[in-house]
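Participant: This is what each chain is made of:
Number of protein chains: 2
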Amino acid sequence: MPGGSGTDVATGAHADAAALLLRCRALVRPALTGAVGRLHPWTGEMAAFSLGWSDVTGTPEPGASEGKGVRQALAVLGAEAVGADGRVAVAGAVAVELVHAFSLLHDDIMDGDAVRRQRETVWKAYGTGPAVLAGDALFALAVQSLAEVPGAHTGPALRRLSGTLTDLVRGQAEDLCFEDRPWTGPGAVRPDAYRMMAEHKTGALLGCAAALGALLGGAPDATVTALDRAGRHLGVAFQVVDDLLGIWGDPAATGKPVHGDLRRRKKTYPVLAALAAGTRAARELAALLDASGPAGPLDDRAAARAAELVERAGGRDAALDEARRHLDAARRSLRGVPLAPGAARDLDALLAFLLHRAV
Amino acid sequence: MPGGSGTDVATGAHADAAALLLRCRALVRPALTGAVGRLHPWTGEMAAFSLGWSDVTGTPEPGASEGKGVRQALAVLGAEAVGADGRVAVAGAVAVELVHAFSLLHDDIMDGDAVRRQRETVWKAYGTGPAVLAGDALFALAVQSLAEVPGAHTGPALRRLSGTLTDLVRGQAEDLCFEDRPWTGPGAVRPDAYRMMAEHKTGALLGCAAALGALLGGAPDATVTALDRAGRHLGVAFQVVDDLLGIWGDPAATGKPVHGDLRRRKKTYPVLAALAAGTRAARELAALLDASGPAGPLDDRAAARAAELVERAGGRDAALDEARRHLDAARRSLRGVPLAPGAARDLDALLAFLLHRAV
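These protein sequences, in sequence, are chains E and U. Residue numbering for the first sequence follows my numbering, beginning at 1 and increasing consecutively. Residue numbering for the second sequence follows my numbering, beginning at 1 and increasing consecutively.
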């Protein structure tokens, strides 16, 4: 990743982070399985499919298409960072993983995406109506899992989770509205609007995960807020890195076609930053993006040319800078409060792991 | 309604209940408007449309297609019934109205219903993806509205609300699964499975509304539980009455076609009770429902014949009995705890109002 410190260190951190993710998953999994097991059998089957635990016939398929479990790890590390046992964060970890599953599931419906993690999406496999229901079930279960935690922290924890839920939905609304906005002129999407969208859509839940862990671990408000802020910056950095990979990433590593986001004429950070530069390359890029009408995808040649223009107009560098800035801000936020050294190192390893794929 | 006490009294109670609904709406509306106003403009527009506040262009259209506001009234009356000021229930009232709006919105997607309250449904007017998002926004806002209430009752209130959310989603799952089950044989839907579905789908939120009002009013657990139970029975009674109206209701009053639910071969209580009777009429009914295959609607003649057979097999009487039983149980539940006499009378008026249309 930008700001990384050489290959050997990065590889070591990578291995640490991978081990960390597995440790947190093992800690959280029984409660997560228990929660999903409380669902109606039909919605439970769709939920298990969406979590990558089983195939479309309901047959267990362990590990095949699971996510990395970043949010549950952040919750556990949030608690450990404030000196608590990671186990106190489990209900929060369950809640954020369920919210994440819900949001992927409903976003795939809204975006019309038919494939996720090399498999059919839920709406594609089960139908749109059932997928709406499965998402609702995960959403409700997330809130319930946290609401049922006894103790004085439940109220504040639910306040954070519900604020995050509205942020998440707002981020998706912002993202969907970007599609209809022009590339240039007064209605164009500016990089700061993008940043806000990314914070809502991706950052809010990452911040909530870490904050919930700290909160359930009994941390003071300032620490909870610092972890929340770190997660939000991480989210923006992550989204920008994702945009970089969507244009210049190795298809073999990302599983996405080369220049995929450009073909689909997605309003990603590198493109928006390039357009905002106002240079000749920026103008040519705008003309190219406008050329084939507002809906149709770009062809191979046009997409390759667009990538070149984004780079020439400084969009790639601006995106790398932006990702670095938010990674630094996340780290600063963590350094601003007293954290248990071991867990702070773990959090740092996780940050590096999540972002270093952009190098 | 069955069990009612004469036309004059019923008419008086009807007027009381209508006035009551207006009073509660006036009390809750500013907070509800304020909550919806916090949404992203796009989801806010869809939310206002779904609440019947504006038309599809976003132009205010006050009162044209609003619901009765039963849930907010139950919340306010729940507080008043335990001797509190109705105002303490406002956040709970906002939450249950938002949950109700969410559930109608997403259910219309799942059921493919294009019309509600003489207007296009949200998915029909705005598209499926946006409607999924609008429902999610209402859902998140509901939880947030309640989570932000300061005070010791917030945790327990959210526990109730989130339990209700999972019940609601479960009820919808049960209802959707009914469609694929046979009319007869071991896989057939029995009246008790229907009762459970109706309690989850309709009763849980009515019970939650009244219980939240009492809870926010500082009532002891026994009273909160009694109000919850009363609302759940009310919900089952309401759903069964709705089924009766879906077969024998006056289309001019219900806005639904005559024998509509039979044409659509819906598994309603009167039909299920008739089939469970095992009489000759029940067997003829089963044959008729099976005859035109599992999917196609019944024609006029077949639907009229089915209505006749349901009645002959005792399905209509069984449904009336069932509705009466649940109305009585709701009243018993209310009488079992000490309630403020004025509010108890109001609750009774509301019960009668909601169910007397079935007479």
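Incorrect hints may appear among the rest.
Any copy will do: because identical chains look the same in the list, a pair fits if it lies in one copy or spans two.
[As the list claims (entries may be wrong)] In silico SDA-like links for lysine to any residue, alpha-carbon gap of 20 Å or less:
(1) K267 x R345
(2) K256 x G342
(3) K266 x P130
(4) K267 x V56
(5) K124 x G112
(6) K124 x M110
(7) K124 x D111
(8) K256 x R117
(9) K266 x L27
(10) K256 x G314
(11) K267 x A15
(12) K266 x G129
(13) K267 x W42
(14) K267 x G129
(15) K256 x L22
(16) K124 x T225
These are calculated hints, taken from the structure and not from any lab test.
Participant: Within a copy, between copies, both or neither: which one fits K266 and P130 at a CA-CA cutoff of 20 Å?
Facilitator: Between copies only: 18 Å across, 28 Å inside.
Participant: If the cut is 20 Å between Cα atoms, do K256 and G342 qualify within a copy, between copies, both or neither?
Facilitator: neither (36 Å within a copy, 65 Å between copies)
Participant: Can you give me the call for K267 and G129, within, between, both or neither, at a CA distance of at most 20 Å?
Facilitator: between (29 Å within a copy, 19 Å between copies)
Participant: State whether the alpha carbon distance between K256 and R117 is at most 20 Å within one copy, between copies, both, or neither.
Facilitator: Answer is within: at 10 Å inside a copy they meet the 20 Å cutoff, but 45 Å across does not.
Participant: Quick one: K256 to G314, C-alpha cut-off 20 Å, is that within a copy, between copies, both, or neither?
Facilitator: neither (23 Å within a copy, 61 Å between copies)
Participant: Between copies, within a copy, both or neither: which fits K267 and A15 at Cα up to 20 Å?
Facilitator: Result: close neither inside a copy nor across copies, 33 Å intra and 56 Å inter.
Participant: Which holds for K124 with G112 at a C-alpha limit of 20 Å: within a copy, between copies, both or neither?
Facilitator: Classified as both: same-chain Cα gap 9 Å, cross-chain 17 Å, threshold 20 Å.
Participant: If the cutoff is 20 Å on CA atoms, where do K124 and T225 land: within, between, both or neither? Let me know, please.
Facilitator: Neither. Shortest intra-copy (39 Å) and inter-copy (41 Å) distances fail the 20 Å Cα cut-off.
Participant: Are the CA atoms of K267 and R345 at most 20 Å apart within a copy, between copies, both, or neither?
Facilitator: This pair counts as neither: shortest intra-copy Cα distance 35 Å, inter-copy 59 Å.
Participant: Is it within, between, both or neither when you check K124 against D111 at 20 Å Cα-Cα?
Facilitator: both (12 Å within a copy, 17 Å between copies)
Participant: Check K256 against L22 for me: Cα-Cα at most 20 Å, and say if that holds within a copy, between copies, both or neither.
Facilitator: neither (25 Å within a copy, 55 Å between copies)
Participant: For K266 vs L27, is the C-alpha pair at or below 20 Å within one copy, between two copies, both, or neither?
Facilitator: neither (38 Å within a copy, 45 Å between copies)
Of the numbered hints listed earlier, those contradicted by the structure are 1, 2, 4, 9, 10, 11, 15, 16.
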